[in-house]
Structure formats: structure tokens, C-alpha cells
Amino acid sequence: MTKRIGVFICECGTNISDKIDINKVIEEVASLEDVVVAESAKLLCSPEGRISLEKRIKQEALTHLVVAACSPRDHQQTFMSVCKRAGMNPYLLQLVNIREQCAWITEDSARATEKAIRMIRTAISRVRYHVRLEKREIVVNSDVLVVGGGIAGIEISLMLACPDRTVYLVEKSTILGGMARRFERVFPGMDKYSEVLETKIGRVLEHQNIRVLTASDLEQIIGFYGNFEARVRCKIEGEVTRNLNVGAVVLTIGSQPSDPSGIEKYGYGEIDNVLTALEFEEMNRSGQIALCNGSLPTSVAIVHCVGREEKGYCSEVCCMYALKFARYLRERVPYAKVSLLYSEMCIPGKTYQRFCEETLGDNVKLVRSSNVRVWEKDEGKAVSYLDEGGAEQTLIVDMVILAPAIEPTSDARRIAEIAGIPLSIDGFFAEQHEKLGPVATSKEGVFIAGCAQGPKSISDTLVQADAAAGLILSSLVPGRRMEVEAETSQILESFCQGCRSCISVCSYGAITFDERMKVARVNEVICRGCGNCAASCPSGAASIRHSTCDQIYQEITEATR
Amino acid sequence: MVIGAGIAGIEASLLLSKAGRKVYLVEKCSFVGGTVVKFENVFPNMECATCMLAPRQQDLLQDRNIELLTLAQVAQVGTSPEGFTVQICKRARYVDILACIGCGTCYEPCPVSAPNEFEMGLSQSKAISIPCVGALPNVPVIDKERCVRFAGKDCRACKDACALDAINLDQKDEMLELRVGAIIVATGFDTWNVGQIPRYGYGRHSDIYDALEFERLFASNGPTEGRIVLRSGRTPRSAALVHCVGREEKGYCSAVCCLYLLKFSHYLKSKISDVKINEFYTDFCIPGKSHQRFFERMVKGDINLIRASRLEVDDCDNGLVVRYDTGGGKRNECVVDMVILAPPMQPRRDTPQLAKILGISLDDKGFFVKGVASSVSSSRSGIYVVGCAQGPKSIEESVAEAQAAVADILSSSRSGGL
Numbered sequence: 003m004t005k006r007i008g009v010f011i012c013e014c015g016t017n018i019s020d021k022i023d024i025n026k027v028i029e030e031v032a033s034l035e036d037v038v039v040a041e042s043a044k045l046l047c048s049p050e051g052r053i054s055l056e057k058r059i060k061q062e063a064l065t066h067l068v069v070a071a072c073s074p075r076d077h078q079q080t081f082m083s084v085c086k087r088a089g090m091n092p093y094l095l096q097l098v099n100i101r102e103q104c105a106w107i108t109e110d111s112a113r114a115t116e117k118a119i120r121m122i123r124t125a126i127s128r129v130r131y132h133v134r135l136e137k138r139e140i141v142v143n144s145d146v147l148v149v150g151g152g153i154a155g156i157e158i159s160l161m162l163a164c165p166d167r168t169v170y171l172v173e174k175s176t177i178l179g180g181m182a183r184r185f186e187r188v189f190p191g192m193d194k195y196s197e198v199l200e201t202k203i204g205r206v207l208e209h210q211n212i213r214v215l216t217a218s219d220l221e222q223i224i225g226f227y228g229n230f231e232a233r234v235r236c237k238i239e240g241e242v243t244r245n246l247n248v249g250a251v252v253l254t255i256g257s258q259p260s261d262p263s264g265i266e267k268y269g270y271g272e273i274d275n276v277l278t279a280l281e282f283e284e285m286n287r288s289g290q291i292a293l294c295n296g297s298l299p300t301s302v303a304i305v306h307c308v309g310r311e312e313k314g315y316c317s318e319v320c321c322m323y324a325l326k327f328a329r330y331l332r333e334r335v336p337y338a339k340v341s342l343l344y345s346e347m348c349i350p351g352k353t354y355q356r357f358c359e360e361t362l363g364d365n366v367k368l369v370r371s372s373n374v375r376v377w378e379k380d381e382g383k384a385v386s387y388l389d390e391g392g393a394e395q396t397l398i399v400d401m402v403i404l405a406p407a408i409e410p411t412s413d414a415r416r417i418a419e420i421a422g423i424p425l426s427i428d429g430f431f432a433e434q435h436e437k438l439g440p441v442a443t444s445k446e447g448v449f450i451a452g453c454a455q456g457p458k459s460i461s462d463t464l465v466q467a468d469a470a471a472g473l474i475l476s477s478l479v480p481g482r483r484m485e486v487e488a489e490t491s492q493i494l495e496s497f498c499q500g501c502r503s504c505i506s507v508c509s510y511g512a513i514t515f516d517e518r519m520k521v522a523r524v525n526e527v528i529c530r531g532c533g534n535c536a537a538s539c540p541s542g543a544a545s546i547r548h549s550t551c552d553q554i555y556q557e558i559t560e561a562t563r
Numbered sequence: 002m003v004i005g006a007g008i009a010g011i012e013a014s015l016l017l018s019k020a021g022r023k024v025y026l027v028e029k030c031s032f033v034g035g036t037v038v039k040f041e042n043v044f045p046n047m048e049c050a051t052c053m054l055a056p057r058q059q060d061l062l063q064d065r066n067i068e069l070l071t072l073a074q075v076a077q078v079g080t081s082p083e084g085f086t087v088q089i090c091k092r093a094r095y096v097d098i099l100a101c102i103g104c105g106t107c108y109e110p111c112p113v114s115a116p117n118e119f120e121m122g123l124s125q126s127k128a129i130s131i132p133c134v135g136a137l138p139n140v141p142v143i144d145k146e147r148c149v150r151f152a153g154k155d156c157r158a159c160k161d162a163c164a165l166d167a168i169n170l171d172q173k174d175e176m177l178e179l180r181v182g183a184i185i186v187a188t189g190f191d192t193w194n195v196g197q198i199p200r201y202g203y204g205r206h207s208d209i210y211d212a213l214e215f216e217r218l219f220a221s222n223g224p225t226e227g228r229i230v231l232r233s234g235r236t237p238r239s240a241a242l243v244h245c246v247g248r249e250e251k252g253y254c255s256a257v258c259c260l261y262l263l264k265f266s267h268y269l270k271s272k273i274s275d276v277k278i279n280e281f282y283t284d285f286c287i288p289g290k291s292h293q294r295f296f297e298r299m300v301k302g303d304i305n306l307i308r309a310s311r312l313e314v315d316d317c318d319n320g321l322v323v324r325y326d327t328g329g330g331k332r333n334e335c336v337v338d339m340v341i342l343a344p345p346m347q348p349r350r351d352t353p354q355l356a357k358i359l360g361i362s363l364d365d366k367g368f369f370v371k372g373v374a375s376s377v378s379s380s381r382s383g384i385y386v387v388g389c390a391q392g393p394k395s396i397e398e399s400v401a402e403a404q405a406a407v408a409d410i411l412s413s414s415r416s417g418g419l
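Those protein sequence lines, which keep their order, are chains A and B. Numbering-wise, this note's numbering puts 114 at position 112 of the first sequence, and it's gapless, one number per residue. Numbering-wise, this note's numbering puts 167 at position 166 of the second sequence, and it's gapless, one number per residue.
Honestly, I wouldn't trust all of these hints.
[To be verified] Simulated restraints on C-beta separations: (1) A:Arg356 <-> B:Arg200: 44 to 52 Å; (2) B:Ala152 <-> A:Arg134: 54 to 62 Å; (3) A:Asn373 <-> B:Arg200: 32 to 40 Å; (4) B:Arg381 <-> A:Tyr131: 56 to 64 Å; (5) A:Gln395 <-> B:Asp315: 34 to 42 Å; (6) A:Ser412 <-> B:Ser233: 34 to 42 Å; (7) A:Ser288 <-> B:Glu178: 31 to 39 Å; (8) A:Ser461 <-> B:Gly330: 35 to 43 Å; (9) B:Asp303 <-> A:Gln395: 29 to 37 Å; (10) B:Gly21 <-> A:Lys137: 47 to 55 Å; (11) A:Ile177 <-> B:Gly328: 43 to 51 Å; (12) A:Ala537 <-> B:Asn46: 22 to 30 Å.
Derived from the structure by calculation, the hints contain no laboratory data. Built from N, CA and C at the ideal position, the CB exists for glycine as well.
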């Protein structure tokens, strides 16, 4: 088929025409091979400009289009939709940025004109090799797999489940509720949490569209957003495995407190009445705070930041729950003296400082300290520390509560590998973007929420759970079809040598190896068209559809001629 | 309807649009992006804030389901069977948003010059202008308060300069009526004017900046194009960064100051490698998995970390003198060229008024109160509050809350599910 290339040059008001001699440009490019139209317009992106461009494409039966105007960031989409309306495949367009990259930065008018001509010639050489590309659509599976039945998993399941959407809630242990089950009260409201939690668990268990799989473990996930297949093994029922087809996966496996016995100076495991925070929570929940010998404590030291230095991060909630512990003590052992040995008070936000102020009093004191160590002395436990001035001080107490750093659960790494998402340096799940994507991950369709992403409070966990639900509800709509990117990579089987270099450089996990045929295959639904595979392929089998070797070669040849 | 086109409002609008909802995004200013557009970089990765925000702003401007109403404010809210009937007051821009291409030719001939509010008064702007390079939509606005035409003079300099005839001096303010099913309040925060605490010397002595002023001073698209200079034009050799300014008076911690002041020390070091930095703090609040590493990275240079209380700033012959109590209760002082104060985040000035219009409650600090129905509900069903309108928080928390509000609206499990 003969090529009929149209070149349209936008004056952009006076932004381009002030610097570039438009008539000269038209004169130069009009005579080039296959160019059937070369025209200018006052403002191509305006409604009138777009209508006239559409009309001209049809009138001249153009096969390819070059638009010389502004940045593709401004108007690539605009001109692509003009093409679509004119019945032309939008990938047969090449946009040349003669505004930002020429008119606005080249001082001399003659040189700017020359540069614009060269840029447009380059685009003409390239566009000739453009091919039609089609976007494809797939039907989405709107069901969701939630891994981890703590408060985050429960919240997400309740938010998502509806008659058109089944949620599979997979929990490793035999009961739902996770870590929050162990707390009697939660800060800063000091509400009894068990009632809230039991109500929610009840709703999950009764929900027609939530399938709860307890004592079950995730074994494999393959596929892509809108179409995953997950394998789950149930440890009871005689080790049954089930395959679940879902559209999205949410990982809410929580976190765990680190074991302070690894840090000798705190005497945990060696000295009586040195407890971890969780042990103290449980002691309180049992109804009585007491020492090993059954008597009530008269003085208690709560040590903040245990293991913070070793871990390299602040666990965010310890200052607040230490204050909560002081309130437990105030209620159950009112005369006990409580010392909070802290390094930096971390009580961000509008309500926490008040909680702190209302907790402190004659029997509850903040003690700024460093180098805390716990040892045994005749009368009881001695807690030594350096005060603000650097002098060593010693407190004699009969109970010590340690607030250990929060760390990822022991199976975080395994689950991350199964789901194909990276971990951050501390072993928590890495979010897609520190600021803009706190609950998304680098793998589309896999979401994270709660303490599996990093230490956080119950309220922050619930926000994240709802956030993950929001992302899923807005994009994984039952019955909707998903548009699949047309600008993807392709691998020609007959050229592929099976070296797998493309697989190692693919950032999206879009390429798999076909063991039978010994070739690499691209999953076009996952591919983002970045071109890493094309650049790394030694045999020329991999290429990207929207920047082929021919296109780039013609472009460079013309640009450097 | 989403009120406020900051980072949270944009996030909520884009997601609701993706779900197929029609969204009215009501923004008081002439541009979108909120407070984050004033930042050069964001902690902890020191990513360029504009580059982070720009793709979202572009998506927003091109989204067909989102009707962006700039220069618009909510005037009245009533109930209707479907939810709410909202009266919007949309001020005239006097520039046709479709015809204008943002070339800026119209600024030159304008005879007015006044302090640029977006730049915290650190530079001058014309009566017709965009607040800074890169503001979106890239369309100027005429400030009626400043334009001489609205003071009775027959000036049409900007209109004559515009090649596209985009300026319409006869445009009128409009009242619009919207019918919506749910409202997300994402109006952000103000910073407290630290001049109200006299001991910090703000407003009395030069070269004392509050945090947002310093952000603009460092911004490559700001009034000095990123050169950090004293009012005299000299480069500062030393600076004091003061944490927790006004915390005691407000009674809460603003959650992000420790981190952004560390960012500022990085800003300073990146431009003036041998600058002496003193950070005056009370407690380092750097929660979460990645912030302590950021802290360690930032203080690795020779930043002087000083735990201080009862701090005051005064003028002296060699610049500014900072006097403070050390941990041991001793009074100390140091002399610096520049002081940067971290003011508390506080509710937007018009929060009480908006609360009244929306019929929702405020807490004792003046922020919108959190309801019981969900993490982002307000005291009234169908209205949600996200981001710093609800209390001081980081960008990531604001974004997560915006996403959570979208879940509340879309989920059939909530009573607000529509």
C-alpha cells in the first residue's frame, strides 16, 4: 500500500511561530517522499484545530501522521484520539516537540527553523515504519484473595465482599483476629477492643460472600491483575490443596514483636519479673497483674525502644502502648510507681500528646534515658541508665516490662517470594511508592496493608485496609473488561535461543520460559513495554512493538544526516 | 464531590473516576496540587515533589469524569433524596481556560506589582499571573483585589497582549448547583503564624523563615530559583533549625516536622557544603520503618543536634542569636545567619465556616472530628474527611485516607455505600 503521510505544524498561538519560520518548514518538508500534505494551524489542540485535523486526515486518506507541536505529555493523548475519530490507527502518529525542545530553548531564529526541519524530517522517516497496534480487552475476575486474618484482613474482607464478589480469607492459624485479639484495651480511646473484634469476626463468618480458610497457607500465585490463580494448602482436613481464581491479592500477614532475649543487657529470660510487652498484655487480660511470687508490684519500669538500635527503625506504637500499660497499672495496682524509660517520645498527631499528659502523674513518670540495662540486686531488679546529663542512675523496681521492636513475621520473605513482590531493607513488604502508593506494590494486583508493610497502630492499619479496598473497588469492577496496553514487547520464537537474559532483566515478571519449546514468552497483559528485554536480547528475538529497530535506525540516520 | 485538590483530593477524584463515578473537584485556588506543590523534594527519598505530582495532575486535568472547579468554594449544602444538593460559588478567572495556552505574554504589560502570596511574599507578582512555573492548570488568573481595572481604571494591557483572545474582563462570578451522593473533605492545613509567639523573633528580625517560606526559598521554581540567600544577598554560613515551635501552645505534635527539618538540613548542605547547621529539637519523632535510616543519613554530615527548651531568637551584631536551655538546665547560646522555624500544622482558617455549611463537627483543636462509622467518616453520614483536614499527618497517610474514603463510598458494606 502506498504511504500517504500528513505533516501538521502547530503555531501554538505565537509560541512556535515567533521563533520558527513556519512557511520555510512547510516548504522543506512538503517535497519529502510520501508526504502528501504539509500544513500549519494556529492552535491544533483547540476544538477547531482538532476538528479540522480530523477532517484533513479523512479528506486526504492519510495513512501516517506527523504532528509538530508541543510535548507528548501535553497532547499525545489529544492527537491520538483525533486519529481514532478519523478512523486511523492512533499508533501511526508521531508527535514532534518543536515547542519545549526547539522554539522555547533555541535562541537564534534561523537555527531554530533549521532544527525544527530536522526534527520533523526525523519523525517522517520514523513514522513510515510505524505499524498498526491494537489494544486488547480481557474480562476481569473480581474475586479477591486476602492472606492473613488479623484486623486488616477482616476489614478488607468486609469492605469487599458483596453478591458479585467473593472474598477468600486465608488464615494460617485456626482462629481469626490476629495480634489485636491479645489486647484488652487500645489507645488512645482505651476502648475494650475484644467486643469490636468479636462483632467483626462474627460478620465475617456469617457473610455469604466470604469464604474463610483457617489453618491454611498460601503456596503459589501465578497470573496478573484481574486474573490470578492461587494455590492454598489447608493443614487440617488431611492436607487438601485448593486452587482459587481471583482478580487481586491482598497480603495482611501482620508483624511480630522481636525476641529481646537476644539482647543480653535487658536480662530477659534470665531475671524473674522481666516481661515483654505481649506477656504483660496477657497478664493484664487475665485479670491480675502480679509478680512471680504472687504479690503485687510496687514499682515498675517500662523500657521503651528495646532493640530499636539493632533494628534501625522506630516501631511507632511503643511509646503509646507503654503509656497504656501505665494506665492498666494505675487501674489495677494504683499505688505502684511506674517509670517510663524512653529515649525520644514519639507521639505524633492531634490526640496522642493529650493521652500522654493525662497518663502522667505522681505515680507515672517519664525518665529520659539511654544505655538502659537490667540486673539483679538484693532488693529486686535494678535498672541502670544514663540520664540526660550523661550520669549513671539506678532505679530499683520489682517488675520490668520491655517494649521490643516490631519485626516482620517469620514467613514474610516466603510470602513475598510467592507473590512476586520485593521486601524493603528491614524485611517488611515494600510498597509501590513511599508517598503515593502506600498499599500498592510493584506487582499490579497485589496489595499490602497493616503491619506487614511496617509497624503501625490499629487505626493506621484500618486506614490502610480500607485504602487497599478502595484501590480494588475502583479498578476491579465486576463485569468490567480491562484494557491491555498495546505498546508491549514481543519475542519471535524462531529467533529465540533460550538464553533467558530477557527474563533476568524484566522488572515486571512478564516473561516466562517455556521449558518444552525452550523459548521465552511474553505475557502481554503484564508487559509494560519498557524495552529492557529488547535491549538485552543477543539474538534479536525480543523487540518492542512501538520502538522497533527499523524505527529507531531510521530516526537516528535522519537525525544525524 | 471532593473539596480540595491537594494530594488527597486528587487521589480520591482519580479513583472515583476510575470506578466510573462523576466527580466534582472543588478547589479554592486557581491551581491544583495543594501544599505539596510548594515542596522541592519529599523525604525520605528526596524525590522531586513536582515530578511526583505532575503525572497525577495531568491525569486529573485530562480525566473526563472529573469536573475540576477552580476558584470555587462551597456556599451551601442541603439534602436531597440522592444525597446532597450543593451550591458552589465559582469566582471569575477572567481568562478562558480552554483558549489560553499559558504562554505568559499577558504578565509583562500588567502595571501592578505586589507580593506573591504563593511565594510567601518572597517575590513580586503581577495582577495577572500563575503562582509559579509549573502550576497546573497552566492558565493565569486575574487577582481582582489587585487589578487596577477593578479599581476603576480603564486598563486592558493584558487583554491587548493576548494573541489568542483568551482574556475576558467581563467574566462574572457564578453560582452552580451540584447534586452529589457523597462528599469528601480534603481541605488540608494551614501553618500557624509563628509571629504570634514573640520569643522566636519571627517578623521582627530578618532572616527568620517559617518552614513553607524556606521551602520556596529552596525551590528551583521559586523566587530565588533555588539559591539560598539572606535578605542582604549574602550566602548564609550557618543556620538554626528549630523543631516544635508552638507545640506547647497547641498541645499536639505535628507529626512531620522532625522529618522535614532533616530534609531542610539536606537542602542547606546540598547548596552550601560548609554551612554549619544546628538543629534544636525536643524529641525526635521519626516513626516507621524507613525514617530512622533517613535520620541517620541526614545527620551523618556535621549537623549539630541540640536538645533544647525555652528557646528564643534575638538580633545581634553578627546575625541572630539563639538562646536555649540544655538538658542539664544550663542556659546556652549560639549565633547564626539564618533561623528556620517549624510551625505547628493547624486547621485551615475557614474550617469552622465549612464545618457549619457541611453540618459536621470539629474537635477541641479545631480539626474535623473523626466519626465512628469508619476511619475516614465525619460526624455526618455521607461526608468523609481525609488528610490534614482531620489532623497533622504525612503525605502517605493522607493518600491512604483518600483511598479509604473511596472504599467507603464504593463499598456496599458501608451504610454510605452508593
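Hint-by-hint comparison with the structure:
| no. | hint | result |
| --- | --- | --- |
| 1 | A:Arg356 <-> B:Arg200: 44 to 52 Å | violated (24 Å) |
| 2 | B:Ala152 <-> A:Arg134: 54 to 62 Å | holds (59 Å) |
| 3 | A:Asn373 <-> B:Arg200: 32 to 40 Å | holds (34 Å) |
| 4 | B:Arg381 <-> A:Tyr131: 56 to 64 Å | holds (59 Å) |
| 5 | A:Gln395 <-> B:Asp315: 34 to 42 Å | holds (35 Å) |
| 6 | A:Ser412 <-> B:Ser233: 34 to 42 Å | violated (60 Å) |
| 7 | A:Ser288 <-> B:Glu178: 31 to 39 Å | violated (60 Å) |
| 8 | A:Ser461 <-> B:Gly330: 35 to 43 Å | holds (37 Å) |
| 9 | B:Asp303 <-> A:Gln395: 29 to 37 Å | holds (30 Å) |
| 10 | B:Gly21 <-> A:Lys137: 47 to 55 Å | violated (18 Å) |
| 11 | A:Ile177 <-> B:Gly328: 43 to 51 Å | holds (48 Å) |
| 12 | A:Ala537 <-> B:Asn46: 22 to 30 Å | holds (26 Å) |
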